[in-house]
Structures are given as structure tokens and as C-alpha cells.
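Guided by the hints, dock chains B, C and D with the ligands onto chain A, whose structure is given.
Protein chains: 4
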Amino acid sequence: MSTGFFGDLAPIPYAGPDSRDPLTYRHYNKDEVILGKRMEDHLRFAVCYWHNFCWPGTDPFGGDTFQRTWMAAGGDPMEQARLKADVAFEMFQILGMPFFTFHDRDIAPEGNTLAESNANVNAIADIFQRKMEETGVKLLWGTANMFSNRRYMSGAATNPNPDVFAYAAAQVKNAMDVTHRLGGANYVLWGGREGYETLLNTNIKQELDQLGRFLSMVVEYKHNIGFGGAILIEPKPQEPSKHQYDYDVATVYGFLKAYGLETEVKMNIEQGHAILAGHSFEHELHMAHSLGIFGSVDMNRNDYQCGWDTDHFGMNVPELALAYYEILMAGGFTSGGTNFDAKLRRQSIDPVDLIQAHVGSADAIARGLKAAAEMIEDGRLKSFVHERYAGWQKPENAAILRGETSLEALAERVHGQHLEPQPVSGRQEYLESLVNLFV
Amino acid sequence: MSTGFFGDLAPIPYAGPDSRDPLTYRHYNKDEVILGKRMEDHLRFAVCYWHNFCWPGTDPFGGDTFQRTWMAAGGDPMEQARLKADVAFEMFQILGMPFFTFHDRDIAPEGNTLAESNANVNAIADIFQRKMEETGVKLLWGTANMFSNRRYMSGAATNPNPDVFAYAAAQVKNAMDVTHRLGGANYVLWGGREGYETLLNTNIKQELDQLGRFLSMVVEYKHNIGFGGAILIEPKPQEPSKHQYDYDVATVYGFLKAYGLETEVKMNIEQGHAILAGHSFEHELHMAHSLGIFGSVDMNRNDYQCGWDTDHFGMNVPELALAYYEILMAGGFTSGGTNFDAKLRRQSIDPVDLIQAHVGSADAIARGLKAAAEMIEDGRLKSFVHERYAGWQKPENAAILRGETSLEALAERVHGQHLEPQPVSGRQEYLESLVNLFV
Amino acid sequence: MSTGFFGDLAPIPYAGPDSRDPLTYRHYNKDEVILGKRMEDHLRFAVCYWHNFCWPGTDPFGGDTFQRTWMAAGGDPMEQARLKADVAFEMFQILGMPFFTFHDRDIAPEGNTLAESNANVNAIADIFQRKMEETGVKLLWGTANMFSNRRYMSGAATNPNPDVFAYAAAQVKNAMDVTHRLGGANYVLWGGREGYETLLNTNIKQELDQLGRFLSMVVEYKHNIGFGGAILIEPKPQEPSKHQYDYDVATVYGFLKAYGLETEVKMNIEQGHAILAGHSFEHELHMAHSLGIFGSVDMNRNDYQCGWDTDHFGMNVPELALAYYEILMAGGFTSGGTNFDAKLRRQSIDPVDLIQAHVGSADAIARGLKAAAEMIEDGRLKSFVHERYAGWQKPENAAILRGETSLEALAERVHGQHLEPQPVSGRQEYLESLVNLFV
Amino acid sequence: MSTGFFGDLAPIPYAGPDSRDPLTYRHYNKDEVILGKRMEDHLRFAVCYWHNFCWPGTDPFGGDTFQRTWMAAGGDPMEQARLKADVAFEMFQILGMPFFTFHDRDIAPEGNTLAESNANVNAIADIFQRKMEETGVKLLWGTANMFSNRRYMSGAATNPNPDVFAYAAAQVKNAMDVTHRLGGANYVLWGGREGYETLLNTNIKQELDQLGRFLSMVVEYKHNIGFGGAILIEPKPQEPSKHQYDYDVATVYGFLKAYGLETEVKMNIEQGHAILAGHSFEHELHMAHSLGIFGSVDMNRNDYQCGWDTDHFGMNVPELALAYYEILMAGGFTSGGTNFDAKLRRQSIDPVDLIQAHVGSADAIARGLKAAAEMIEDGRLKSFVHERYAGWQKPENAAILRGETSLEALAERVHGQHLEPQPVSGRQEYLESLVNLFV
Ligand SMILES: [Co+2]
Ligand SMILES: [Co+2]
Ligand SMILES: [Co+2]
Ligand SMILES: [Co+2]
Ligand SMILES: [Co+2]
Ligand SMILES: [Co+2]
Ligand SMILES: [Co+2]
Ligand SMILES: [Co+2]
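Heads up: the sequence lines are chains A, B, C and D, in that order. If you read the first sequence in the numbering used here, its first letter stands for residue 380, the second for the next number, and so on. If you read the second sequence in the numbering used here, its first letter stands for residue 380, the second for the next number, and so on. If you read the third sequence in the numbering used here, its first letter stands for residue 380, the second for the next number, and so on. If you read the fourth sequence in the numbering used here, its first letter stands for residue 380, the second for the next number, and so on.
Bear in mind the hints are in silico, worked out from the structure with no lab data behind them. Since this is a predicted model, take the numbers as computed values, not measurements. Any given hint could be a false lead.
Copies of the same chain are indistinguishable here, so a pair counts whether it falls within one copy or spans any two.
[As the list claims (entries may be wrong)] Capping the alpha-carbon separation at 30 Å, the derived lysine-lysine pairs in DSS-like fashion look like this:
#1 K584 - K636
#2 K510 - K409
#3 K761 - K416
#4 K409 - K761
#5 K761 - K584
#6 K510 - K416
#7 K416 - K517
#8 K773 - K584
#9 K773 - K761
#10 K517 - K409
#11 K584 - K416
Here chain A stands alone, though its shape is the one from the complex (with noise of 0.2 Å):
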């Protein structure tokens, strides 16, 4: 039985790109097959828990303006779960999304003990576990929360004190027991709180001792009880904290490569958190697959002239090519997929917003998906970028990047040759015409 939370809004059609409505899907049809693979299966859209179900509205300056009947003060807490669960389904429902994630603290109350906690979230799984039974609907990944309770203020695997670190490493043996049982494809960790507020009370290295730490025995866990899905670590470079150790793709590459888990660990990489860290998103992802780690996205857009983390709907359609240009050179999303990490605007009240909003961006992605592919099939991007780095195929420069020279040997290769190399035009603007040909 429906909770009437929507109304009598329909699960929203596909209308094709002649509609004038933008409450149904003009490029997102699930079906349809870009470059091989079906457009479901390209994306791997999931739903957030947090920004639709949890978060009231409030910022800084401001309190709540949703009001949603599962937030009213004075409920019985579990009871708020469930209903905010039933919502949550028919949300999936109406959308047509086949993904959904969460923290352990959405989707239900922390008790007074960690057992009571976990007890409380494990219910809610149960009741999760019907619902995906009945819905289709899988887990893209799961995640702790510890960064909102003030225990966690002064970090949870960096905290100064280690009866916090015990306290976090059993908070997450029970989110990965939980996303284990429902099957989610990936587990992921954001260390809001894994960071500094200032120097003076700080000893750095220490904290990345303790993180590094961290991270091997949840590496470890999952090998322990068989978890098939892959480690995330969201880059974000600040905020809450003034600096986070997981500042972006690339320090957070360092950061494996010191504890020697680069090879099990990948990222899960927000829009949002790149513009904060002073990339662009294409950015991130790129350095990602250079690197190896490229795992998955939390697709979102931060408003460029604000300095906090704001989680617009990416709505960018050109943007969005460029995004999932790098993607698709990737390779693709394998456990991974396209998380809808945005909220609302607070002004944004209405039920039907939530719709609204999820399925306006869904739609400039597949848009963007759609032209990534055009990109790809055109292949003058491509094949510039190939013709550019060409003279590295040649016999005695492939064999400096083979460690097979030195300074001496290239010395007296320009004196001996008379090299005066010619600079080549770059063609940037070319380039950016070429993309604006498919967007």
C-alpha cells in the first residue's frame, strides 16, 4: 500500500527527445543500446538515502523547511524508518532507478549503545531486504556515518583517542556486514572527520598511521567474510574539516601507495569535491584511470561561485559528456555506477521536486552519455590525441620511457643531431569544436 508521500504520480515514461515535458525522460531510455551495452547498464543510476530522506532543509543560517512527516519531533524513531523505507522504494519506483545507497545512519536511529545501533540498522536491512526482493532494486554501496555524531568530532580512525578508532572499526564491521547481506556492489568510506581543524593540536603523521591502518583491516575484513564488491575512497579536500587527508584523487593515490593498498582500494569520485580540491571533474577521473583507481561516481554539480559543498543536480549537459567521455575511455563503470549525490534546494518543498530534480539530471546524462559515445564513434578525438604522443612509438624514444638512457646519452643525441624540435599547435579551440559538434 502506497504512503501517498507522491501523490498519484506515475513512474515516469520515457517520452523521447520531442517532449516538451520535463517530468518524463526525453534521453534516459534504459533499454536503448550505446556502443554495445544498454543505457541502464552504462549508467548504473542510483538513489541517495541522505539528501532525499534524511536531510530537513536546514542550513547554516537556516532550519528546516521540509517537514517531511517521518522528521516530526517527538515520533517514535523506528517507526520513521519504516515509512521513510516505504517512501524511499516508491521513490526507486517512480524513477525507474535500478541503484540505491545509504549510510547506516539514515536509515535508522542511533540507539545508546553501539548494539542497540546496530540493532536498529540491521532491521531496517531486513525490512530493505523484502523491499529489493520485491522492487528489483539493488545496492550500488553502503557506508558508515561517522562524522555526525560529536563523538567523531576529532575524527574516527585519525581521533587522538583510540577508544574512538575501536569504536569506528566496529561501527563499519557492521555497515559491511549489512551491504554484504544485501548484496551491495561496492563499500565505501568518506572521512569527513579524517582531518584537521588546526595544525596546532595536530600531528599528521600519526593520524595517517592510524588511517592507513584502518583502511588495511577493512581491506582485510572484506577478504574475511568473501565481500565481492570493491573499496571506495571519496576524495573530498575540505569540509567539514578545514583539511581532509583524502584531499583528492591524486593525494589520495599517495596515500595508498604508502600503506601499499593501491591495488584494493578505488575511488569513488563527486563533481562537487573536485571543483572544491580546484579540478574539474573530467579532471578527477581521468587522473583516476591514469592511475588505476577509477571506481565509481557521485554525480552532483557545485554552484562555481560558492566555497562549500553545495551538491546541485548536475544539469551541465556539455559538462556531462566531458564526464562521461573519461568514463567510457575508462572503460566503463564495472562495480561502480552513477550515484545521485544532490539534494534539493531547500526552497524546494514539494514531493514532486525530488521527482523533478533526479529525473531533469538523469536526463542531461544521458544526453552527455549519448554524446561521449558520438565522441567516441567519431573517433577525431581520439586519434588527435594518439598522433600527438605518436613519436614515443619510435624504436629509441620508446626506450627512454624503458629506463634505457640517461641525461648523457640524450645530451649527446641534441648536440650530435643538431636538435632544434618545432613547437606543434595544441589546437585547444579546434578540439572544444569538435566536442561542441556532439553536445
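Chains B, C and D with the ligands in isolation, oriented as in the chain A frame:
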């Protein structure tokens, strides 16, 4: 015989803290002993060649303002280079600073071939050698300019054209030879063009492999010729390129790990570049220390409201105190030092401005060093941090970092002992007030 | 009778510059005379209500950390408000500061109707009135919170719904009445929701007209009731809104001119807001002085690496010295003062942290004031600026500014006199070094 | 006779949306009628002189990369200026664009005196006059370069030296004369040096008064000579100066009001400058329209991750659609137009890159214009905004804006009618999805 450029300006005396003349040293007293070491040996000040003697005062919207005699159009370039060297050493002596630094192209004009360019560099190096003996001024580091000439517009080591890579190798070989000959304490690489303008024409993986191989050759050559100095990389996130691979300390660390160079290469950290990368200066210093790759410092200051590399002279004593606190905590400089990578504002067109800027900044730095030393002698800061992490000394917690625990074991501990760790004040405002006792 | 919240903490004594106890005043010596005025009368320190007594330590990713007794869920709101008032006045006295500031909603809970809310505010104001008489603490300014409640989510004065405009008017009337009754020296408006989230649903012209009319009514009401204090606007560029109309001092000046209010309204300038707008604090102060609208100061500091309003306690003495130099050059405060609009870091959970933060910052400010006074007494800065523009005193140049010349006339002068004006050094590094003599 | 610079490149044809050749116009079809007006008349494209023909490809760390024949060292400057003019008009015709723009110093070399410089400018203007007649290309605007020469290093109108002010006046007089003679549709002022590097040597009030007087003289002279074009100011927040007085549209509006010029001067708005000021491009356009000072557009794009003025060619269609939506809502251009103030990346060294960049961007703009027109024809966006503010049409609310109410009266209304206004969804995601139907 004097060039007369600085008029009758005498060497700057130490006049003590009560002096009201900004053209005296009030705090930089080179023989004063701080924490058991002479101030000169702590700070190891170096004057750079490029900002002082090569930059004509241009900016992206304006022509030259300085119009130094040795920059006049139509002059004989080698004659001008010799005059420049004379003025430079006069300035080193007026300031009484023990070191200088240069790029190969700063000191001598580019020739028609690399051989000619090298000959020009070597001819000026001969002059340097003589002047260094006469004056006792030493070389903190040398480096090669592989970013100004158009042949490097698409990168030096990361150029798509292997011939440019070879050319860069040949140029670096000569710059290392010269640095070695002049007894340089370090050799620096800054990769202003080792990055990209657009991902559309870029293969990051290919370029990183090129850069890794190039750096390996530099390290190999260092050992071949018996150069005892450190190899230093100077991180900068962007400018002139949209993105530079040596983004910040953490990124370079990952790069060094990927190519097995983390024990061979250290960091030359610039305040302005830290700011452009979204970090405080002390963050980069602390991070380099934590990762075991702290080397040297390019001292300057970026205007917090400008988004480009402003290279102001550092003048803010509390900030400098925090920087030297990190440097002292890292054990101080070994081969590294404090290089003034700072330039006059382009309206500061008088020769005395060159002197005043260095004196003012050196004095602010000296105050910072003295304050940092007092912070260490006071001991409260260090104790606070030590106490904060003290729990990790307990055997059962030390075991965690040694890798002897698991999520399961820690979960048992939490549940078995009913752990409910309570938050403890981070006391940031107390610590900031404590710092203010000394600056 | 004490609430016991601060334990046995005694009023903070002045202990002189040699004190090594950060919980004493080393520089803030309220009766010390600087440039002919008591330090207390120069600085006019005010403690704010919201950060200290209302904010629970939450951030966008975290729950409350402070858990003050008067914030407990389920308590009687008016009882809690009375306890809060007791604690507040205890804190004012421990600090020995002469003023406080508040929003209406800080001091008393919102009721079911505006009438009820007003009654609550007025009841606490009665308590304030008594406590102010007893302690001598005065009100620097009051203001109305028109940004937290969801009714204001789309603006207060700029709301598309005129009923919200009316509601805001009614709320401000009461806040002004209370401020007047308590002898407030100023009344402040900060328009956190007077802006937009997206231009797609916004008519800026309409909203500016609403805002202009609202402000005019405030000014009219001030005169009606004989309120002698200044009306102050506090500029901020964004956050919580994507764009706020009171962006910075120069923008507000244009707004005031457009609605004929430039002689009626002055600026309350916050350091953190200046930074978020891309300006230095001293820029905003100097600009307000130049435009004749300098009023008061919200003292804090934004972390230079964070893109949101961090409201740190100001601790950097050189920056504070430059700020108070501008304030002194503007003639110092008349009705305005130095309001600590700064909050503890959320990890600073001990009551003593509240005290320490204010003491540390007050002391840094006092040093800044003393340094600024020395800069003025020294006179070299001021003379330098005076000399730089001295040419404008000549009759033929003074005539230019009086409007007695034209392009034609000046062209004739240039050609006739063969004018070739030569650049003169701006001497920025000298001036910065000069400042460092005093900070 | 052709210079041969562009080889055998023919004028760019319109080839329709199905063209896969980026060197054709796919959307810019100058005679196509959109909303009742030819596309050429809507867009009024102009090619700028400085980026295309004067900038040699330098950046703060690199030398020239373009090496155009007319830039060769040692050449005859007037001969080079004539060659440059030939190439420029060849480019205008290849592109088929109706307008161009220039600074006086772009088109002719500086002489030994201002009289000589003016003569040089006038000589090239003679050539322009002939070429304009021959080709039908028109002048969108002229301007004077008062930022490159060292005499202006401390400002032109705002220089502390009144002789520089006079010199600038004489230079502007000539630039206005030339613009007038060539039938320019506007005259532009951009104040790159009208700002400061440090407040320590600056008197803002004095400088604003100078700037106000200067601008007044420009307006007076315009009327004297009967120049019918608009006077335009181009805002930019900083770069090259640390702070520029013409910070953004709202700031310039305040400045115009202060000197009584708000009906005489309009805005030339640049996308990149909007971004540097912390605004979206559409914000600045909407704001200028709201304030009644919208004039013209400098079209480009700033890289969102770079903190300096990157002047990329605009290529993002959704962003361009929002910009032209604002322009159309403002009534479209009258004297203004779309000036490509964009430069090649310095690696784009081939002549064809100049053409490709303009074609690609013009086409993206044309798509933006067509999308904006569809948004207007659809009407839902406009209706939504209209409905949102509809309450203000009611008599009792219209009276508020007419100034017929007071805080007291409105408070009575709220209390008397028990107003409890309820929030209404802002529907941002719906509106963004609506826009995506058309871009
Ligand atoms: Co995310
Ligand atoms: Co986010
Ligand atoms: Co440097
Ligand atoms: Co720099
Ligand atoms: Co404030
Ligand atoms: Co603030
Ligand atoms: Co422009
Ligand atoms: Co620009």
C-alpha cells in the same frame, strides 16, 4: 669597482629591535645563537636571480617598468649578463646574505643552439666562481628554465615530442654540471609546463611516465657525477599551465612513490604555491615532514585575494613564526635554506626597493624564527599535542598500529567493554592564544 | 547567585605584556589611554549572543557538540532562555566587556504567533534591563533574525510574497522597540536571505525595490520613535544565499544611493564577509570611510583556505593593526564598536574555551590598536600618502577636480608643455617594513 | 592583394546543423530571423584587435609563441602596423563578422611624444576608414590603452601625479576623436590601473574623485563633438591591480550615482570578469538590466579553476543560452554587441586556429541565442517568475512599494489578520530542467 647601481648604499647593519629605521636589521642578527645554532645557519638566506635581475616589471597587461641598464634593447647580451652578475654580487654583499639561486637562462642569454646556450651559461659560471671565492657567497641551488622558450610550450619532460624531452635532458645535464661545479647545495626542478592546458589533447598516464623517467635520470646523473646536494621538486598547482602535475606536497609524494623516488627527492616548498593549492604554508611544511620529504623553502607570500602567483615578500610575523615552528619541528634545514622567491611590486622601481624588500622580509622571518624558538622552549604546544595522542602509547593501542588487530577484534572490545568514548576539547583558541604570547 | 556554568572562573585581570598566562589580558588594559582616549572607549568590545549561547556546535555534516544545559531537548524554552541570560551576563562580567549584541530569536523562543514571539522577546528584555542596570553592561546593537525560520526561506523584505514582507516589518518593529528600550547604540540589518538561489525564479529589480522600501521604513520608524542610534547594514556576498544583495560596502553604497538612504545608514563590517567578497578587511573599512558610511565592526577572521563563513576569533596582530589603523583614520567609532562575531571551533567544548577565545582575541586586538596608534604617532605612513598626492594641491590641478577643465584643455596642456610624466616608486615594501616596526 | 597569412582559407560558409566540419557555421546563419530580427542584428559580432593581432602568445612565465611576421623585432613599426591591418581585415572577411574593436595602442606604435603617437594612430585610422568602406565592416567600439605604458603604472585617471591625469585625458581625447571619425557605435573605458596595489600608499577617496571627474569630462566631450555612441565602462575586480575600482556592475553603479553619471554611462560586461568578481555572467547581465545600465558584452569564458583572466573562447552552450536569455529580456543590444574578447591558448600557434576559435565560439553563441529565443517563445519561465511575484500587484501591496505604509501599519496588519505566510516551493530543479528542453 662598483657598478654604481646601488649608489652609496653600505652593507645593512644589525641595529637591534629598538631601531626605527626600516633599512636596518632589527632582528636578523646572523651570529646570534638560537636553540644552539647561529641565526645565519638556521635560516640560510638566499637571494634569487630571476626576480631581482631578470624580471623587467612586466605583467600580463603592462610593459617593463624597471628599465635596468642591463636590460636595454639592442645591448650586447653577454656584456649585459656580466654587468648583471656584478650588480647581483654587490646586492648579495649589501644584504650580507650567504647564498644565491638561479636558473640557467637567468644568468646568460640563450644562443642559437643548445651548445651556444651552454657555453654562455658556463662563461658566466666562471665569473660566479671567482666572485664566490672573493665574497664567500655560496650557491643554495641551481635549476634549468624549461618553461619560457616556445619549444617547451607543451611541456619539457612531458612534451608529446620526444625530441623536446631529449633537449630538456641535455639542458638539465648542463645545469646540473654547473650547479655541481659551483658547489651548489641542492638542485631544483619546477615543472611550470609539466601539466596541461586541456585534457582534450592530453594523455596524463603517458606524460606521468615521461616525467617519472626524466626525474629518475636526474637522480641517476646526480649519483654518476657525485653531486652531493639534494634533488628538490617545487610543487605548484597551476600557472602557467591550467594544471601542473607537481600540484602540492601530497601529490608529489604519490608521484615519487609511483616511480620509486621517494627517498631520492625532497620538496622545495613555496608559500605562494601552497596558497594557490588551497593550503596554508605550514600545512605543506608539516605534510612534507610527515612524509619524510622536507627539503627547502621558497619564501614569499601570495596575496590572499589574488588568484595568481603574486610572489610578495613575506612580512607577516605570526605566519612566519608558524612556518619556522614547522621547520624547526622537522629538524631544521640540512642542505635546504630560505630562498627569497619574491619580487618587488612593479611600481617599486628604485634600486633601494630591492634592498628594502629583502631587509624587511629577512627581519620579519628572523622574528618568526625567534618566536618559533620561544614556542619550543616554552614547551606547552608540544606537550599538548603529545598528551592528546598519549592513549596510543598503551600496549593494546600500539598493537593496533602494528597491525595486530582486526575489525572483528575491535568490535568485540567495543561491545565487551561497553566503550562509549567521550569527546575532549580540542582547545584551538587556547593554542592560538598561546602562540600569540611569542609572536 | 551564580549558575555555576563557568565554575570558579574569576574576572580576567590585566596582567601586563610579560604575563605568560593566556587567560590574562596582556594588552587589553581598559583604562590605559591611547591617543587621548581610554582603550575601552576606543574598542567598545561587545559579546554576541548567538555564537556563544545559541549555536550548539553543529555544522553541515555534524550534530551538536556543546550540549549546554539550556539547550536540552524537552526543556521549557522560556526557562532555558532565562538560564541562558544568567550565563550570558556571568560571561560578560568575567570578560569585563562593556557591551553585548543579540538577535530577537537568540534570546527567546519563537511562539505560535508573532504576538507570542514578541511577548517572549519582551519578557527576556525585561530581565536584560534589570541585569544591565546591575552590571553596567550596555547594548551595542540589536537585530532581528529573519533568516532561520522557513517562512523566510525565499527572503524577508525581498520575499515574492508580500505577506512575508509584512511579517518581517512587524518583526523588525518589535526588535527596534526592544533595542530602543534597552538603550541600544545601533540597530543592525543583515540580509542573509535577501538575495537569490537561482536567477531563473528571480526578478532582481522587483526585489531591490522591496528592499529599498523596507529599509526606508526602518529609517522612518527610527525617527518616529526617536531612536538615536545608527541604522547599520552588514554586507555579506553570499551564504546562506547564492547571492546576497548587500554584497560588499561598495555595492551597498550604490543601493543606498539608489534609494536616497546614504546619509541615514552606515556599515557594520565583518572581516570574514570582506574575505568572502574578495576583499581585505582593511579595504572594506577604508572604502566605507571614503564613502562616508563607516559605522561598526563585526570582528572575526575567515580561514583563508575555506570558502564559507568560518567566523574564527581574530588572532593575527599585523592584520588587526591594519584594520584599526583604518578605523582610527576614519575617526574611530562613534556609535559603533568591536563586536566579537566569532564562534568557537566545534571541538572547543569546555566553558573555559568561551572565555579563552574572547580573551585571546581581545588581547590581539588591543595590540593591534596600540600598533595602529604608534603608526599614527610615527607619522611616516600618513606623510608618505600625503606627499604622493601633493601635486593635486597646485591651483591648476585642484581646478581639475573642481570641474573647471575639459579633455580639450588638458590635451592642449600636454601638447603645449610637452608633458612626459615620469613614474615614481610606490615603495610598497618600504611601507610594509615600516608597519612591521610597530606590530 | 592578400597577405597570404591565412593561406587559401575561404570565407566560412553556413553549412547547417548537420555539418560535421567544425570549420563551418552550423548555427550562425546571419540572415536567419529569430524573434523577428536577423541573427546578425541580434548578435552584432565584433572581432577584437588586441588578442588576435597584438598579443604574441606570452604569459607570465613564457615568451612569445606566435611569432607573427608583423611582430618581428627590428621591423619598421608603422610598416608592421599596416601589415597587421591588412591581415585583420582579411580575417574579418573570412569570418564574415560585421564589427571590430581596438585600443589605440593596438593599431599603431607609441611614438616619442603623444603627438607622434596620435599621428601614428590617425594614420592607421585612415587605412581603416578606407578598408571599412570597401568591406562594410564597422567599428563596434574604440578605446584607449592606459595600462601598458609605465607612465600609467600607478593609474591613469587615478594617478597621484596630475600630469599623468592630463596625459590620459589627452590620449582619450584622440581615441574618442578616432572612434567618432570611424563611426564607432560606442566608446569603452576599462580601468586596469584604476585601482591600487596596497592601501598603504593609497587615498581611495581622492582617487575616486579623480576617476569621477575624468569620466565626467569624457561624457562632456562626447556631447561636445556630437558623438552619438554610448560611453561604456567595463568592470573587472582585479588584475592587473590588486583591486580595481570598477569591481563589478553593482559597484560601478554606485560610482556612477555618486558622480551623477548613471544615465550617461552603460556597462560592457565580460564573462571572465564576472567570474573573477564571484558572479555568474548572467548575474552581471541581469543586474545591469535591473539598474538600467546594460550596454554591451565582451564575450569569453574564464576557466573556473584558474584565478586569473583566462579569456577563453566561450563554448558552453547552456551557459551562453542563459546569457542571451538575459540579454533578450533586457531588450537586446542597441548600440552594443558581442565582442569576442577571447584569445587563443598560447599553444594554438597556427593561423587557422584564429579562425577556428571564432567560428566555434560564434556557433556556440548562435545556438545559445536560438535556445534563449525558444525559452522566450515557450513562455513557461517568464510566467513562472511573473506568478511568483503576482501578490505585489494587489492594491494593498502595490501601496507598500509606493511608500504608503510603515512598520507600524504593517505590524497592525500582521497582528490584525493573524498572518502566517506559508512557504512556496521555489522549484529550481524544475526550472533548470525546463531550460534543458531548449539548450
Ligand atoms: Co559524495
Ligand atoms: Co558533496
Ligand atoms: Co618558487
Ligand atoms: Co611563485
Ligand atoms: Co556578522
Ligand atoms: Co560571518
Ligand atoms: Co574585456
Ligand atoms: Co578578460
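Any hints this thing doesn't respect? Which numbers, in order? Going through the list in order, the structure violates no hint and respects every one.
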